[in-house]
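Engineer: Whenever a hint applies, use it, and build me the whole structure from the sequences.
Going line by line, the protein sequences match chains E, U, H and D. Quick note on numbering: our numbering labels position 32 of the first sequence as 32, and the sequence is numbered without any gaps. Quick note on numbering: our numbering labels position 126 of the second sequence as 1126, and the sequence is numbered without any gaps. Quick note on numbering: our numbering labels position 553 of the third sequence as 2553, and the sequence is numbered without any gaps. Quick note on numbering: our numbering labels position 364 of the fourth sequence as 3364, and the sequence is numbered without any gaps.
Any given hint might turn out to be false.
Derived lysine-lysine pairs resembling DSS-like cross-links, with alpha carbons at most 25 Å apart [what the hints assert, rightly or not]:
hint, chain 1, residue 1, chain 2, residue 2
1, D, K3042, D, K3084
2, D, K3084, D, K3074
3, H, K2169, H, K2549
4, U, K1162, E, K90
5, U, K1162, D, K3144
6, D, K3042, D, K3070
7, H, K2169, H, K2361
8, D, K3084, U, K1162
9, H, K2168, H, K2549
Everything labelled a hint here was simulated from the structure, so no lab data went into it.
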Amino acid sequence: MVVPLGAFIAVSAVLFFIGTAGVLVRRNAVVILMSVELMLNATNLALVAFSRRFSSIDERGSVFVVFIFVVAAAEVAVGLAIVLSAYRNKPTVDVDEIRQLRG
Amino acid sequence: MFDLIEPALFALLTIAIVAAGAGVVLANRITTSALLMAFTFLNIAGMFVLLGAETVAMFQVLIYVGAITVLILYGVMFTPQSPRPYGLFFQTQKYWAALFVVPIAIFVALVAFSFRDSATVGAKGGDLLPLATSVFRDFAFPFEVASVLLLAAMVGAIVLVKRDED
Amino acid sequence: MIENVWLIPAFPLAAFLIDGLFGRRWLHKWTGIIASTAVGLSALVAIGVFLEVLGGRARTTVTLYEWIGVGDFHSSVAALVDPLSSVMLLVVTVVSFLIFVYSNAYMEHDHGFHRFFTWLSLFVFAMLILVMADNYLLMFVGWEGVGLCSYLLIGFWFERPEPYVAAKKAFVMNRIGDWGYTIGMITTFLVFGSVQFTDVFEHVGIATQANLTLICVAFFFGATGKSAQLPLYSWLPDAMEGPTPVSALIHAATMVTAGVYLVARSMPLFAAAGPSLAVVGIVGAVTAIFAATIALVQFDIKRVMAYSTVSQLGYMFLALGVGAPVAAIFHLATHAFFKALLFLGSGSVIHGLGGEQDMRKMGGLRRKLPVTYWTMLLAGGALAALPPLAGFWSKDEIVAAAFLGGYPVLWAVGILTAVLTAFYVTRAMWLTFHGEPRDHHLYDHAHESPAVMTLPLMALAVGTVVLGIAIGFPPEAGFIHRFLGPVVEVEGLVEHAPEAATILLLAGISVAAGVLGILVGLSMYVRHRPDPAAVSRAAGPLYRLLVNKYFVDELYDHRIVELFRAAFGAMWAFDVHVIDGLANRLGWLAATGGSSLRRAQTGIVGNYALTIVAGLLLVLVVYGGYAAGIFTR
Amino acid sequence: MPVGPFGIDPAIWAPLRLVIAVLLVVGLVFNGALAQIYLERKIQAVIQDRLGPLHTGPWGLLQTFADAIKLLGKEDIRARLTDKWFFLAAPSIVFSPMLASYVVIPFAPGIVGADLNVGLLYLTTLGSMTVLGVVIAGWASNNKYSLIGGLRSAGQLISYEVPQIISLVTVVLVVGTLSMVGIAESQPGWQLNFLVLPLAFVTYFIAGLAETNRAPFDLPEAESELVAGFLTEYSGMRWAIFFLAEYGEVTVVSSIVTTLWFGAWHGPFVEVFPLLGVLWFTLKTYFFVLVFMWIRATLPRLRIDQLMSLCWKVLIPLTLTNLVVTATLLLVFPNTVVPVAIANWILLAAFVLVLPYVQRRRLVALRERLRTAA
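Structural biologist: Structure (structure tokens):
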């Protein structure tokens, strides 16, 4: 492998911040979920890169990636369920308009 | 000859990932951003293959592209396509945001690139065997806990969305 | 018989429980009978005990059970049977029995009949505990018990405001006295490590003079509260609002003597603490003369008796002060009989006149209430200390002891008080029984009391006549001296070997004082030489002073009560503004804190995400800083 | 570098091998599809006691070519309101994974695209990607039938993926490796995995049917309800690509079945002529394609709820028990396969006998309820 580790980390960092920007900027709940997925994937990339580079014998990093898969899947499922049930009692998906839980 | 292809592939994949990622955030229509997201996942799987972690790549595609994207697409289909185009263009604090983000970005880039040591060393036999052993032997218990988590999420999601047959 | 000495208080207690629990619904009139029989039985046991002690039985302590055993402080419910306590038991039970029988008739038409007897039995139970106790703590239980019952019984007719105001006053004054008693008790425990009489009196030597005087003065202050001496006496005249038997029993015979018994019992302490005896003597004498002067101008027959009691108690404390405890106890016994008789007599007069107490409306009742008249005449004579009667023997001994003890001033005061006493007795007797009836309507309706009331009067009359000679004949050497001497006399006291001549001389002088008082009284009221009305006009300011009881109550009200009211006002203000203020301030702090935090909950998911990312960036920066060694250089 | 057959020196044999593989794949897929269409129509005809296509060429052989030319000529119309880019991308998203899955299939002892040691996992992953294509097709054509068809088929594909993967895992447990070549070599002569894991074969085959939207599970294209499911808006060559993809998928499933259960290219004289393996392999694969067509012609279509309940209530429990049983037996008797085989056959027998009995009881109960209701 010729590509240095730093490159992978840089890509994952960029992707991570794109995801964060997505979460902060977009107002549609589903797009926020997608951006969160992007962030998770960025971490996956970094984890695998480190795992391949430093612990390729027992792939400790990749184990975490497996768990991130589990968590991501669960998160999307529950996230969508929440969005849909919120949508059901107020016909909007715009995050700023769902304000019933105001303090 | 091989050492030329990989950087090229890496560059290609990076461009694809960053472009698709930005696309997901900037796209006006949600369906476009959903599919761009799927495309990013595919590219990241490519990155994994590039890193020599085939199993993880396979799982990545199987889980992210196969299941999560479809789930998100379901979500997209159920929620209304809002007429007003969303996007960055109506934000007023653009400059404030930039001011805030740029120094942090530089800082992160510095940290990221500080890992300048040698390239990643791909184990010969791919990562199936080591990954499988460590997941099912050393991390067996967390694996069980993860399965319980999944079950809980599944039940939770079903209960949340179940419409009482009124 | 001594072993079951505990039967004596047990009977009144049982009577109290039975009357109290079943009195209202079932027993009604039977409560009186039950209570009287109970006290009668304890009187018999008391007589048994007295005879046994008389037979030379040594001082014994009958313990019922170990009451408190905390660390080195032990106090048990135990009775101390010795000549002093047996005499007191005898006096209390016999007099109570007679008064119980009397009140059966007196309270007959009162709807609170059963309640009266319940409280009366409880009172007798408490008094017996007080007298029998073998340590200060158990005595204090009795002490408080009698205080409570006096409150309940004074305020018996609580429908009218005066009784319960008087009851409250009595109770508060007693409590102030009890405060003194408690300090005394605590100091004895601190100094001697125990409250048992036997332990305390054996180790008197170990205490310093200062401690001893503190203890004695504290106990004496308690005694003044209970026995209505000078600083805390003003509750007794007001206590006359209660029914007459109550005044007779509590405010003549028993409760008021508790203070005298306390000082007599703690004689070894008082003897060892030099100045305290002098204090007792002086306070006693001053109270005697003070109360006597007020009694001169009272028109309410019961008030006259009340002030006379205060003055007689002053005599007893005078006796204790000059170091003649036996004389004090002797006078206590005799006074219990003839004062109870006087009160009951006036009670039957009031009963006869349908509740009228003002002597100015009476007059010439001699023919209407013959038995009451004769019995009260005897009691009056005893009070005025005429020779054959009981009063003369005991009062004469006190006055003699004062002279022989080296206190000529106190002796003079004693003699002067004797004159005044004789005068107001004759005045009272004359105004009620002799002369022309001033209110014919009352006079026509007046009728002699029924046998149930007159019999006790006669029994008491026999007591006043016989008692004096029986136990006190050879002055200073009578039966009572031989009986009580060893227990109460303490070596440190003034030894006075009486020659016959001085005794006769002193006796003569005191008799002369009494006769003088009577003659002056008769001349004023019978022949009107110095007509009482004219004298009172001439006296002018002095007369008004006496009528208003030296403005003592007003003094108390203005000085002390106002003082307390101001103090409590300040405390109330402090509480409201500072403590409540603090609590409210805390509440306010929480509220405003909460509301300001509430604004952070905008409900917009975006804001929450932003804060999370900001946190993340902060962590990143901090980590980066450390990684790059910026912070650790 | 593997030595070529007939002693060709390795330098030449390596690229040659790849070329042969690609040619084989292209040939199998495209010609295969054509042949399958023809075969399908012929078999259906024979089963329905009719003749099938006759006039175009001897015994109607050229019929599919005629269809192909027709489709090529047809105009690929696209409705204006459809989502332009997705509408066009959908066929390729469905077709390309099918084509990509041939890389891993071993046609002959040496001849395989790439011997990935995660071969089987690679196949399942590609299998799951077609779902995306179907959903996009359904969504992009912007009409109700296609949307519902797309969602239904996505649901069906995802739920049937579970039993499919579990049955594959059972085989992997027995064989021990994920790479297809390894599995193929593990079945010399008569040591077919079919004899060891028949139940896994049956469940995989049923799941396979559902994966390819064929026969009893072809609900999305059910003419009666959803017109053509997600295919309604497609016409001309785009529609043809979808069909090619479907037939290709059928071949992929049958080739997986042959490699995993029926000893891929094993057959008489394979050691002598390795290339002969290709012949055996194609024969076996096409035998199963025929079985696909046979089922298509005989079994009636399943309702969506029956389809789902079959998957979740019957197939998944069955495959899970199968997996658990095989795993425990393998652990208990480490290196012999016999107990596993016995257990599997018993389970299969149980499954086969119990099913009709349960159906009959449920039928009786249903009739009972109807009678009481009436």
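Engineer: Each hint should be assessed against the structure and marked as holding or not.
Structural biologist: Hint by hint, here is what the structure shows:
1. D:K3042 x D:K3084: The hint is violated at about 37 Å.
2. D:K3084 x D:K3074: 19 Å, holds
3. H:K2169 x H:K2549: 16 Å, holds
4. U:K1162 x E:K90: 16 Å, holds
5. U:K1162 x D:K3144: This hinted pair holds, its Cα atoms lying about 23 Å apart.
6. D:K3042 x D:K3070: 20 Å, holds
7. H:K2169 x H:K2361: 29 Å, violated
8. D:K3084 x U:K1162: The hint is violated at about 34 Å.
9. H:K2168 x H:K2549: Satisfied, since the Cα-Cα distance of roughly 20 Å is no more than 25 Å.
Of the numbered hints listed earlier, those contradicted by the structure are 1, 7, 8.
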